[in-house]
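Undergrad: One letter stands for each residue in the lines below.
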Amino acid sequence: MNCSKAKKWMSLAMDNELDPSRRSDLGSHLADCPACRAQNQAWSQFGEVLRDGAGESDMTAEAMWQAVQRDIRVGAGRVETAPAWVWPGLFPRTVIVTACLALICAGVLWFAPPAGDMENGAGSGMAGVESVETDLSEATLIVYKDEATGAVVVWVSGDNGSASLNDHS
Amino acid sequence: MSEHEVPRLVKLARNGDQDAFGELVCMYHERVVAVTRSIVGNHEDGCDLAQQTWVKAWNKLDTFKAQSKFYTWIYRIATLTCIDFLRKRKSQPASTGREEDAREMEWVESMRAARTDRPDVRAGLSEIRVRFDKALEHLSPEHRMALVLREVEGLSYEEIATAMKCRKGTVMSRLFHARRKLQEHMKELS
Chain G
27 MNCSKAKKWM SLAMDNELDP SRRSDLGSHL ADCPACRAQN QAWSQFGEVL
77 RDGAGESDMT AEAMWQAVQR DIRVGAGRVE TAPAWVWPGL FPRTVIVTAC
127 LALICAGVLW FAPPAGDMEN GAGSGMAGVE SVETDLSEAT LIVYKDEATG
177 AVVVWVSGDN GSASLNDHS
Chain D
1255 MSEHEVPRLV KLARNGDQDA FGELVCMYHE RVVAVTRSIV GNHEDGCDLA
1305 QQTWVKAWNK LDTFKAQSKF YTWIYRIATL TCIDFLRKRK SQPASTGREE
1355 DAREMEWVES MRAARTDRPD VRAGLSEIRV RFDKALEHLS PEHRMALVLR
1405 EVEGLSYEEI ATAMKCRKGT VMSRLFHARR KLQEHMKELS
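Line by line, the protein sequences give chains G and D.
Here the first sequence is numbered in my numbering, starting from 27 and rising by one per residue.
Here the second sequence is numbered in my numbering, starting from 1255 and rising by one per residue.
Some clues are possibly wrong.
To be verified - Derived DSS-like pairs (lysine-lysine); straight-line CA-CA distance at most 25 Å:
1. G/Lys33 / D/Lys1422
2. D/Lys1388 / D/Lys1310
3. D/Lys1314 / D/Lys1419
4. D/Lys1435 / D/Lys1388
5. D/Lys1388 / D/Lys1319
6. D/Lys1388 / D/Lys1441
7. D/Lys1265 / D/Lys1388
8. D/Lys1342 / G/Lys34
9. D/Lys1265 / D/Lys1342
10. D/Lys1310 / D/Lys1323
11. D/Lys1319 / D/Lys1441
12. D/Lys1342 / D/Lys1388
13. D/Lys1342 / D/Lys1435
14. D/Lys1342 / D/Lys1323
15. G/Lys31 / D/Lys1422
16. G/Lys34 / D/Lys1422
17. D/Lys1441 / G/Lys33
18. G/Lys31 / D/Lys1441
19. D/Lys1310 / D/Lys1342
20. D/Lys1319 / D/Lys1435
21. G/Lys33 / D/Lys1435
22. G/Lys34 / D/Lys1435
23. D/Lys1323 / D/Lys1422
24. D/Lys1422 / D/Lys1435
25. D/Lys1310 / D/Lys1265
26. D/Lys1388 / G/Lys33
27. D/Lys1441 / D/Lys1323
28. G/Lys31 / D/Lys1435
29. D/Lys1435 / D/Lys1419
30. D/Lys1441 / D/Lys1265
31. D/Lys1314 / D/Lys1265
32. G/Lys34 / D/Lys1265
As the list claims (entries may be wrong) - Which bits of chain D does chain G cover? Going by a derived footprint, with three or more residues having C-beta under 8 Å, they are:
33. 1260-1268
34. 1282-1294
35. 1329-1340
36. 1381-1390
37. 1396-1407
38. 1425-1431
If you are wondering where the hints come from, they were derived from the structure by calculation, not from laboratory data.
We treat Cβ as the ideally placed atom computed from N, Cα and C, and that holds for glycine.
Kindly generate the complete structure, drawing on both the sequences and the hints.
TA: Here it is as structure tokens:
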């Protein structure tokens, strides 16, 4: 038997998974091979060290059960009080719908002209807007002039209502 | 409480009887902690993982099939919980030297407490223990798991295969490679 095979059998023998005839062959090899014998001893020690490390728990079984019970209660409470949108079935759908709405809103805001441009008539066909001072108190007069069509819209707004005058000349 | 009570307790627990589940926790507490603690290498994390194991078991009781033994099912949950923990720990930054020193000291102290009869053996094993833990960290979670289930819990290859959801041949191979690699790393550390 070579050392490579002996090492594989050593592991099996240690775990009581090697049949008796092979165990006897392994025994003969270990008797003749100091290197394999040393390895066999080292491997046997691993189990001992592991078992020593595992030792007995400082935490009693009752203390463990109390901690587990607390976690189970907290978990159950979490499910009962959770709002409908965080339920496992609904949660991904809610997230997807919210993300789509957010994207649409972002797109609208991105492509919409700035507020200043709206006031100046950009995007609405109005080429120019002027504010005009008047003698009327509490009234605002706004003149829109569409450069494309030449139309002028005069818009007067005050406390008593508003009126507009279109001039297509 | 004996092992033959287990199927009855499991049945009651599946119907929502927390007291029956509590009896199962008390029955297997030491064994589960021994496994989690040996795999992760420290007492505190071992207890936390054992606790997580039991909470998961309670939540998944309806998936337990009575064909397999309850303890192999519990070991499976424990090993998966430990694998998750070890992978997360590996992806986190390495602990500081001070933390490692403290962990080593914890092991040394536990070994001292465990072996009060022979001081020479005690000291020798403490030194091996420190090297052993470092070498153990180099093993993959699967290799470590197989070794712990075999050496600490004394499970057969078939039981380990059930707990780790793999073939018996894989268990055989994992144990052989775990021992070989462990020895190599211990040599490097000496």
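Undergrad: Would you mind marking each hint as holding or not holding in the structure?
TA: Evaluation of the provided hints:
1. G/Lys33 / D/Lys1422: 18 Å, holds
2. D/Lys1388 / D/Lys1310: 29 Å, violated
3. D/Lys1314 / D/Lys1419: The hint holds at about 17 Å.
4. D/Lys1435 / D/Lys1388: With a Cα-Cα distance of about 12 Å, the restraint between D/Lys1435 and D/Lys1388 holds, given a limit of 25 Å.
5. D/Lys1388 / D/Lys1319: 37 Å, violated
6. D/Lys1388 / D/Lys1441: 11 Å, holds
7. D/Lys1265 / D/Lys1388: Violated. D/Lys1265 to D/Lys1388 sits at ~42 Å, over the 25 Å cutoff.
8. D/Lys1342 / G/Lys34: 32 Å, violated
9. D/Lys1265 / D/Lys1342: 34 Å, violated
10. D/Lys1310 / D/Lys1323: Measuring from Cα to Cα gives roughly 17 Å; hence the hint holds.
11. D/Lys1319 / D/Lys1441: 44 Å, violated
12. D/Lys1342 / D/Lys1388: Answer holds: D/Lys1342 to D/Lys1388 is near 18 Å, not above 25 Å.
13. D/Lys1342 / D/Lys1435: 22 Å, holds
14. D/Lys1342 / D/Lys1323: Outside the cut-off at roughly 29 Å; violated.
15. G/Lys31 / D/Lys1422: Cα-Cα ~19 Å, so holds.
16. G/Lys34 / D/Lys1422: 15 Å, holds
17. D/Lys1441 / G/Lys33: 17 Å, holds
18. G/Lys31 / D/Lys1441: With Cα atoms ~21 Å apart, G/Lys31 and D/Lys1441 stay inside 25 Å; holds.
19. D/Lys1310 / D/Lys1342: Roughly 18 Å separates the two Cα atoms, so the pair holds.
20. D/Lys1319 / D/Lys1435: 35 Å, violated
21. G/Lys33 / D/Lys1435: 13 Å, holds
22. G/Lys34 / D/Lys1435: 13 Å, holds
23. D/Lys1323 / D/Lys1422: 17 Å, holds
24. D/Lys1422 / D/Lys1435: 20 Å, holds
25. D/Lys1310 / D/Lys1265: 17 Å, holds
26. D/Lys1388 / G/Lys33: Given that 25 Å is the threshold and the Cα spacing comes to 23 Å, the pair holds.
27. D/Lys1441 / D/Lys1323: 38 Å, violated
28. G/Lys31 / D/Lys1435: 17 Å, holds
29. D/Lys1435 / D/Lys1419: It holds: about 23 Å lies between the C-alpha atoms, which stays within 25 Å.
30. D/Lys1441 / D/Lys1265: Violated. D/Lys1441 to D/Lys1265 sits at ~49 Å, over the 25 Å cutoff.
31. D/Lys1314 / D/Lys1265: Roughly 13 Å separates the two Cα atoms, so the pair holds.
32. G/Lys34 / D/Lys1265: With Cα atoms ~42 Å apart, G/Lys34 and D/Lys1265 exceed 25 Å; violated.
33. 1260-1268: Violated - the segment 1260-1268 of chain D has 0 residues with a Cβ nearer than 8 Å to chain G, which falls short of three.
34. 1282-1294: Our answer is that it holds, as 7 residues pass the Cβ test (under 8 Å) against chain G, meeting three.
35. 1329-1340: violated (count 0)
36. 1381-1390: holds (count 4)
37. 1396-1407: It holds, with 5 qualifying residues against the three required.
38. 1425-1431: holds (count 3)
Hint compliance for this structure: hints 2, 5, 7, 8, 9, 11, 14, 20, 27, 30, 32, 33 and 35 are broken, all remaining hints hold.
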